[in-house]
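**Student:** Read off the chains here:
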Amino acid sequence: MKTNFKYNIIWFIIMVAGFYLMNTLILVGVINTFIENMLVTIGINIILATGLNLIIGFAGQFSLGHAGFMAIGAYATAIITQTATTPVGFYLSVFAGIVVSIIAALIVGIPTLRLRGDYLAIATMGAAEIIRIIINNMKITGGAAGIFNIPQLASWPTVYIMVCVTTIIIVNFIHSRGGRAVTSVREDEIAAEAMGINIFKWKLAAFVLGAATAAVAGSLHASFLQTISPNDFGIMESISILIIVVLGGVGSITGTFVAAIVLGVLDTVLQDFGALRMVIYAVALVLIMIFKPSGILGTWEFSIKRIFNRFKRKERVEQ
Amino acid sequence: MQTVFQQIINGLSLGSIYALLALGYTMVYGIIKLINFAHGDIYMLGAFWGYYVINVWHFNFISALLSAMLVGAASGVIIEYFAYRPLRHSPRITALITAIGVSFFLENGMSYLFSSNTRDFPQIIKQVNYNLGGVLISNIQILILVTACILMVLLQLIIKKTKMGRAMRAVSVDPDAAELVGININWTISFTFALGSALAGAAGVLIGLYYNSIDPLMGMTPGIKAFVAAVLGGIGSVPGASVGGFLIGILETFFQSIGLSAYKDAVVYFVLIVILLIMPAGIFGKNTKEKV
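Each protein sequence line maps, in turn, to chains Y and H.
The working numbering numbers the first residue of the first sequence as 3 and each following residue consecutively.
The working numbering numbers the first residue of the second sequence as 803 and each following residue consecutively.
Hints are computed from structural coordinates only; laboratory data are not their basis.
It is possible that part of the hints are untrue.
Restricting the straight-line Cα-Cα distance to at most 25 Å, the calculated cross-link-like pairs of lysine-lysine (DSS-like) are [as the list claims (entries may be wrong)]:
hint	chain 1	residue 1	chain 2	residue 2
1	H	1066	Y	141
2	Y	294	H	835
3	H	963	H	835
The structure displayed is predicted, hence computed values, not measured ones.
Turn these sequences into a full structure, and let the hints steer you where they fit.
**Tutor:** Shown next, in the form of structure tokens:
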């Protein structure tokens, strides 16, 4: 944290500048409601996909159950804000969603994270489906019809701030000691264990952190769209998030941002095509896996630190 | 006692469908270590093909079933050739994501071409219920059970008695050594996909007859349940897949009969997680020790 403090400050300034840029664009009228909706969807997808990228790309654990944790956050917000219709109520519900999804992630993760590769994928998918089926059959969640008329307490600024906060937390986690432990588990579990790393603990840490951010995204989703039903959080949703991660590059947060923005814009442009859009995505997914399995950016990251270091080196050379 | 027998009969007819699907999963997994996510969608293709030929060309049951098996086999081979063959030497996760992509493609492609509505499967065989000492059994249930059993026996004969079957077993044990003794790996893998997908196509027509309704997303849940059945029986084991399929079918009807039908899917997923944790090799699977 301390060594990266300078770069975190720079990122913070960039984020604040971005926020004011967006705000002025909205005030001037360049960004209308239509584009604002698109931006919010992109923001929510960024939160989901960075969380999943932490699990898949950095910890190397293939989880297909992200939508289940998103559902927990969404329902927490939907249920709580119906009685407490204030911004405080909303943040309380986000917190509640995070807590419940952390508990769920522990229950799911402690047994299943012992599994490897494709077995883990199937097991997490099964776990997410169990969460969805339970929600589908509870009274408080409105059953299969879901909940509607959820008060809209999250708008564009909230989503923007949440995107910034979750990204800062995840990126700092990746660059911390824990993040290096997690990456070493991805590279070689046996070697990592031989180095004294508790592989199970760090796998679980990445899994829980990813689940918590998914809950935040779910809360924003529920509050912004105002209608949710269990079918929104099925296997299809998990796969859509997976597509963003894979397209951007497994192991690149920058790639996730790029892919989420590209797919978000494409979604809006291709809105009239409906099912054909999903066909295009499916073909794209297969083609990427065959021809460039590392995604658009691979593991490349945009880093201010590196740019800084390059300038420093140049100065040194000139002196 | 009658209800127990009734549920067993219902469970066996549903289970035979799962068993047919599970055989495809288990054979493909045994030979290239890939969870073929698109397998459930080949079953959907089989059901749609049956719907089409019966409605438009007025096929009878046998010809609809056989043609659906051919269509299933052809689509399985095409999918393997275009999507999985280029990835044979890449990490397993890459292949799994590709399989998910293919499944996504088939589901949405069918929804796009033929709309995602649920439609009624034509009833070419008139349902007759027989009463055996208080247990109701319909001719469709008998037909499903008999067809499934015949197909499973045929499959077992192909695997155990033919040259191609021996090649399949050889490739699943050690692909490199099999290649060294002159087995064409590509053909063998294509043949495996054809066999498994043909069974899925047959299962599609049978489920159409049994449940009367088909839609483009029908393959997803049965596909996953059949995978659970394959894992339960021991993935890679052919008799295991049949037994696993019947067990899952009976489990599901049992939970339906005690009034928990809303949770029947959750129970199957729960069973999957428990099996993976307690005995990952399944009932008939071989335990392999991990080496560093």
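**Student:** Mind checking the alpha carbons of residue 963 of chain H and residue 835 of chain H for me, to see if they're no more than 25 Å apart?
**Tutor:** holds, 23 Å
**Student:** Keeping to a limit of 25 Å between CA atoms, is the pair of residue 294 of chain Y and residue 835 of chain H held or broken?
**Tutor:** Since the Cα atoms of residue 294 of chain Y and residue 835 of chain H sit roughly 21 Å apart, the hinted pair holds (cutoff 25 Å).
**Student:** Would the hint linking residue 1066 of chain H and residue 141 of chain Y be met if the CA-CA limit is 25 Å?
**Tutor:** holds, 18 Å
Hint check: no violations occur; every hint is consistent with the structure.
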